[in-house]
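All chains should be modelled from the sequences, with the hints used to inform the complete structure.
2 protein chains.
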Amino acid sequence: MQLDQRALAHRSIRKFTGNLTAPERLALTNVAQATASSRFGQQFSLIHVADPAKRAVIAAITHGDFVAGPSGDLFVFVVDQHRNHLLMQNSGQSLANLENWDAFLAGVFDATLAAQNMAAAAERSGLGACFLGSVLNDPAQMIDLLNLPQHTFPLLGLIVGRPAETPEAKPRLPHAAVVGEDTYPKAVPLGDYDARVQSYYATRSWGARDESFTSMLQAQLTADLAHRNEIGAILKRQGFNLPDWAE
Amino acid sequence: MQLDQRALAHRSIRKFTGNLTAPERLALTNVAQATASSRFGQQFSLIHVADPAKRAVIAAITHGDFVAGPSGDLFVFVVDQHRNHLLMQNSGQSLANLENWDAFLAGVFDATLAAQNMAAAAERSGLGACFLGSVLNDPAQMIDLLNLPQHTFPLLGLIVGRPAETPEAKPRLPHAAVVGEDTYPKAVPLGDYDARVQSYYATRSWGARDESFTSMLQAQLTADLAHRNEIGAILKRQGFNLPDWAE
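Protein sequence lines correspond, in order, to chains B and H.
Counting from 1, one number per residue, gives the positions in the first sequence under full-length UniProt numbering.
Counting from 1, one number per residue, gives the positions in the second sequence under full-length UniProt numbering.
Each hint should be verified, as a subset may be incorrect.
Which copy is meant is left open, so a pair is good if it fits within one copy or across any two.
Quick list of in silico lysine-lysine cross-link-like pairs, BS3-like style, CA-CA up to 27 Å [what the hints assert, rightly or not]:
(1) 170 with 186
(2) 15 with 186
(3) 186 with 54
(4) 236 with 170
(5) 236 with 186
(6) 236 with 15
(7) 54 with 236
(8) 54 with 170
(9) 15 with 54
(10) 170 with 15
Derived by calculation from the structure, the hints in this document are not laboratory data.
Structure representation (structure tokens):
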């Protein structure tokens, strides 16, 4: 096996030059569609957001000035059981199996796998990308903005473009803390990991700050989730049925 | 942009020759760790399952004889907020933000992105891979088998190896049905899509069968979910708090 070393070189890119060409966008969206799919149901949709007004709204939702553009191309990956609902609406059968935990996770897989496949293809082609999990800061507004119907959910954003920065890679957790052999990995001391993360943040070429892995986690414990605590209610409103008991 | 055409060539591979070498496994698990991560929390774990007895159990759960091996290497990607719980257990703060919808989806993102990044790197390196969403057929048994602690969940399997088959690509839904511009894609007639899927299944070199996209969806409506209807209950038992109302 000859591993393309770019597979190890992921960095989030937030500064871009210009926009993708239409053929480049088509190639990348084709990669998204070519991705593996749960039971081949293709339970996702993908929206390219070019309208400057919509990009400005998503930039505000995600607290990312760079998301407003105009450089870089913005995509939103959507869990989608709506299309299959339409196809099955005259089947005479209950559509409950398109609304339950299994169906929701199938859509989450399909949307997330497609997003990563597109990001990896972009990175291998010399482009850069940044995921925007922060679209979850306000799913209801995302739903309105993109006219998302029942049985869909805006899961993940991705911005892709020609990189105008070369950030350093963030150090990852020790391998043994994450990768297990035949069983869940044993808790391992993180050793100098906090110090290495602190050194990364202190010396990186853009926005040095005082931060360790532990301090990031601590901040998360007290973070204001804003609309993220509405995710369950919004999934229900969108027609998903995700009880916390066996049906 | 020069797109590596292998990015468009995904096929699920279920027949393999031999096993990965230890350096190959290390390279691929390093790719998984190098993947983008939600808020850099690295909320996933990855278990390489080599024990023949455990592979046999997972083969039974996933109804995939090829999963039993011995060829190909089996990995299970796990949503993991347990590690961060351990790191924060003496913080004196509530750990609710590591158990809610936001935390669960962060883990799902991290596990799924890592799995796809590993699969794509394997495919670009001449290896083949097949996702096993079917580990969800019996999450409770997966949890026991892999000794998964609280605040984890076995999300997705992936088998990777040197391909011993060259299956045809499955035709995808029409581009316009999946990809929207600034708004959710309009419902488009699927045209000859059912016929194309039917032709793929009728003529493929392994296991011809009579199947269209529509017939696959119809079968899903009446499928016996077995333990998949326990997913919500199992997530709750694992310590996740995923209400369907705003908290």
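Verification of the supplied hints:
1. 170 with 186: Close inside one copy (23 Å), not across copies (40 Å); limit 27 Å.
2. 15 with 186: Result: close neither inside a copy nor across copies, 39 Å intra and 32 Å inter.
3. 186 with 54: Between copies, since 18 Å is at most 27 Å while 46 Å is not.
4. 236 with 170: neither (37 Å within a copy, 33 Å between copies)
5. 236 with 186: between (37 Å within a copy, 23 Å between copies)
6. 236 with 15: neither (36 Å within a copy, 40 Å between copies)
7. 54 with 236: within (25 Å within a copy, 37 Å between copies)
8. 54 with 170: neither (31 Å within a copy, 34 Å between copies)
9. 15 with 54: For residue 15 and residue 54, only the intra-copy Cα distance (19 Å) is at most 27 Å; the inter-copy one is 46 Å.
10. 170 with 15: within (17 Å within a copy, 36 Å between copies)
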